[in-house]
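Protein chains: 2
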Amino acid sequence: MLKPPEHQVAGHQARDGRLGPLVDGSGLFYKPLQSDDRGANELAFYTSFSSEPRIPTRIRSFFPGFHGTQLLRASDGSGLHPHLILDDLFAGLRLPSVIDLKIGSRTWFPSAPEDYFRKCLAKDRKSTSALLGFRISGLQVNDEDCKWRPSHDEVRRFNAKDVCRILRRFVSSDPASECEPNCAFASAVYGGAEGVLAQLLELKAWFEEQTLFHFYSASILVSYDNDDSEDGRRPNRARVRLVDFAHVLDGNGVIDHNFLGGLCSLIKFISNILKDPDDISNLNAL
Amino acid sequence: MLKPPEHQVAGHQARDGRLGPLVDGSGLFYKPLQSDDRGANELAFYTSFSSEPRIPTRIRSFFPGFHGTQLLRASDGSGLHPHLILDDLFAGLRLPSVIDLKIGSRTWFPSAPEDYFRKCLAKDRKSTSALLGFRISGLQVNDEDCKWRPSHDEVRRFNAKDVCRILRRFVSSDPASECEPNCAFASAVYGGAEGVLAQLLELKAWFEEQTLFHFYSASILVSYDNDDSEDGRRPNRARVRLVDFAHVLDGNGVIDHNFLGGLCSLIKFISNILKDPDDISNLNAL
Numbered sequence: 001m002l003k004p005p006e007h008q009v010a011g012h013q014a015r016d017g018r019l020g021p022l023v024d025g026s027g028l029f030y031k032p033l034q035s036d037d038r039g040a041n042e043l044a045f046y047t048s049f050s051s052e053p054r055i056p057t058r059i060r061s062f063f064p065g066f067h068g069t070q071l072l073r074a075s076d077g078s079g080l081h082p083h084l085i086l087d088d089l090f091a092g093l094r095l096p097s098v099i100d101l102k103i104g105s106r107t108w109f110p111s112a113p114e115d116y117f118r119k120c121l122a123k124d125r126k127s128t129s130a131l132l133g134f135r136i137s138g139l140q141v142n143d144e145d146c147k148w149r150p151s152h153d154e155v156r157r158f159n160a161k162d163v164c165r166i167l168r169r170f171v172s173s174d175p176a177s178e179c180e181p182n183c184a185f186a187s188a189v190y191g192g193a194e195g196v197l198a199q200l201l202e203l204k205a206w207f208e209e210q211t212l213f214h215f216y217s218a219s220i221l222v223s224y225d226n227d228d229s230e231d232g233r234r235p236n237r238a239r240v241r242l243v244d245f246a247h248v249l250d251g252n253g254v255i256d257h258n259f260l261g262g263l264c265s266l267i268k269f270i271s272n273i274l275k276d277p278d279d280i281s282n283l284n285a286l
Numbered sequence: 001m002l003k004p005p006e007h008q009v010a011g012h013q014a015r016d017g018r019l020g021p022l023v024d025g026s027g028l029f030y031k032p033l034q035s036d037d038r039g040a041n042e043l044a045f046y047t048s049f050s051s052e053p054r055i056p057t058r059i060r061s062f063f064p065g066f067h068g069t070q071l072l073r074a075s076d077g078s079g080l081h082p083h084l085i086l087d088d089l090f091a092g093l094r095l096p097s098v099i100d101l102k103i104g105s106r107t108w109f110p111s112a113p114e115d116y117f118r119k120c121l122a123k124d125r126k127s128t129s130a131l132l133g134f135r136i137s138g139l140q141v142n143d144e145d146c147k148w149r150p151s152h153d154e155v156r157r158f159n160a161k162d163v164c165r166i167l168r169r170f171v172s173s174d175p176a177s178e179c180e181p182n183c184a185f186a187s188a189v190y191g192g193a194e195g196v197l198a199q200l201l202e203l204k205a206w207f208e209e210q211t212l213f214h215f216y217s218a219s220i221l222v223s224y225d226n227d228d229s230e231d232g233r234r235p236n237r238a239r240v241r242l243v244d245f246a247h248v249l250d251g252n253g254v255i256d257h258n259f260l261g262g263l264c265s266l267i268k269f270i271s272n273i274l275k276d277p278d279d280i281s282n283l284n285a286l
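Going down the list, the protein sequences come from chains A and B. Heads up: the first sequence begins at 1 in UniProt numbering, then just goes up one per residue. Heads up: the second sequence begins at 1 in UniProt numbering, then just goes up one per residue.
Honestly, the hints are just simulated from the structure, not real lab data. A hint or two may mislead.
List of simulated lysine-lysine pairs, PhoX-like, C-alpha gap at most 20 Å [stated by the list, open to error]:
{"hint": "1", "chain 1": "A", "residue 1": "K204", "chain 2": "B", "residue 2": "K204"}
{"hint": "2", "chain 1": "A", "residue 1": "K123", "chain 2": "A", "residue 2": "K161"}
{"hint": "3", "chain 1": "A", "residue 1": "K204", "chain 2": "A", "residue 2": "K161"}
{"hint": "4", "chain 1": "B", "residue 1": "K123", "chain 2": "B", "residue 2": "K161"}
{"hint": "5", "chain 1": "B", "residue 1": "K119", "chain 2": "A", "residue 2": "K119"}
{"hint": "6", "chain 1": "B", "residue 1": "K275", "chain 2": "B", "residue 2": "K161"}
Kindly produce the complete structure, drawing on both the sequences and the hints.
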């Protein structure tokens, strides 16, 4: 039985008769190929990436597994539609908290058609992309007692200060509170050898070297599970994944300086929170 | 006696009755304060940078020393004009080779006025800035026998392939030749503990951390001296310096991801040349 994924925080959703991704509940995520060139581009990326021998195994694990395509009944009732078959990144998680961060100070690529370029540029300047090198595209924070999930309109209006506060709120035990976030889970989620920061630094090292792909408009999905085990709530399985590859270009021997710059900016925000979870001087500077 | 500097490769030049910088021949460089806000901004930057205690000493050495301002007879004959007093970066060099690299995939800053934004954006897209994260603003290569110095118009038309080739030609013993550059001085200039790459990596480490300044439209000036000593030509004193601070903004707690991204891209180009001076596959990919 295919159904809309519970923990999707950005992008088109398969609800109310619209076209969107589906999950099978046992580990697979079906993403409908987007119209115009985007669907074909994303399929081309997954195909090329899967068979690219120069991708280190550790780096490959940051990407959803790809299992080909399949014609499926589309969620909007329009009949059969080709879907990418990908790993469901949230399979098996009970209470996942998720944030989707679109990386890069610009989402347009040098050869972009003029109307697409204008649209991206306007969004990059209006959102925090130009200023911070990334923007939040969506999030949910699952607490034992409540779920905080800002609306699409709220997310679109986030300014630099909001982004800084939300990265703290994302690892707080009172996410829905309007008080200063307590960052109770900062070290468990962001810190440690397996934490978010360590994973981002691994990605960074790869982006300093790799000249295979340029990831325009792609996102880093950060998640962890608020597992409610017997000895109390304990956030675990902090994960960093890359998603959304409709605008990946051939790197042509040049590093992806746009993605790398934004990634380094995000790393600095996360490091600041880890260094001193109570220090909000960085937030006040914005 | 003040006179126009011999080794200036980019920017307004004090020749033919125009306003431009002057040198005193004994170590000082006088840069006329630019009109509109740019002069005031550059002076403000130098003043703030000089007294900023959080700048590590090693990093400070990448910037020209600042010695206040002075009213001097302008080179365009317009009478007294305020000049910044800076270190002459080429004092004492006999045959300096110099390249001016404007860093960042965008030269406009988020709060830029609309007309300035449009002008910068057009140049960033037309030049290699958007694609490579930096562009060449000017260069001269001094050989024992000849000097190669492309015109302003030639420099403006450099594409990605040209930039890649010029970074090789810059360290070749036959810079004016149309043949494939021989990279004879690559390891002497770009390599080693005191070489260009090592200096760029030091800068990079600082840019990953520093949130004090955002350097829009600033340049990295790479130079070395083709000293003609008794035991033959031996390039020495490879130097990396930052210049042009008319558009430096307060970092407000965010790293300069735009400069950092471009710097990492430049580092990758230089590393490739060092790894294999004969390998031009990178060049062919462009």
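Tested hints:
1. Distance check on the hinted pair: K204/A and K204/B sit about 13 Å apart at the alpha-carbon level, within 20 Å; holds.
2. Pair hint K123/A plus K161/A holds up; C-alpha atoms about 18 Å apart against a cutoff of 20 Å.
3. With a CA separation close to 24 Å, the supplied pair K204/A and K161/A exceeds the 20 Å bound.
4. Note on K123/B and K161/B: the hinted pairing holds, with a Cα-Cα distance of about 18 Å set against a maximum of 20 Å.
5. At most 20 Å may separate the alpha-carbon atoms for a hinted pair to count; K119/B and K119/A meet this at roughly 18 Å.
6. With a C-alpha separation of about 18 Å, the suggested pairing of K275/B with K161/B holds against the 20 Å cut-off.
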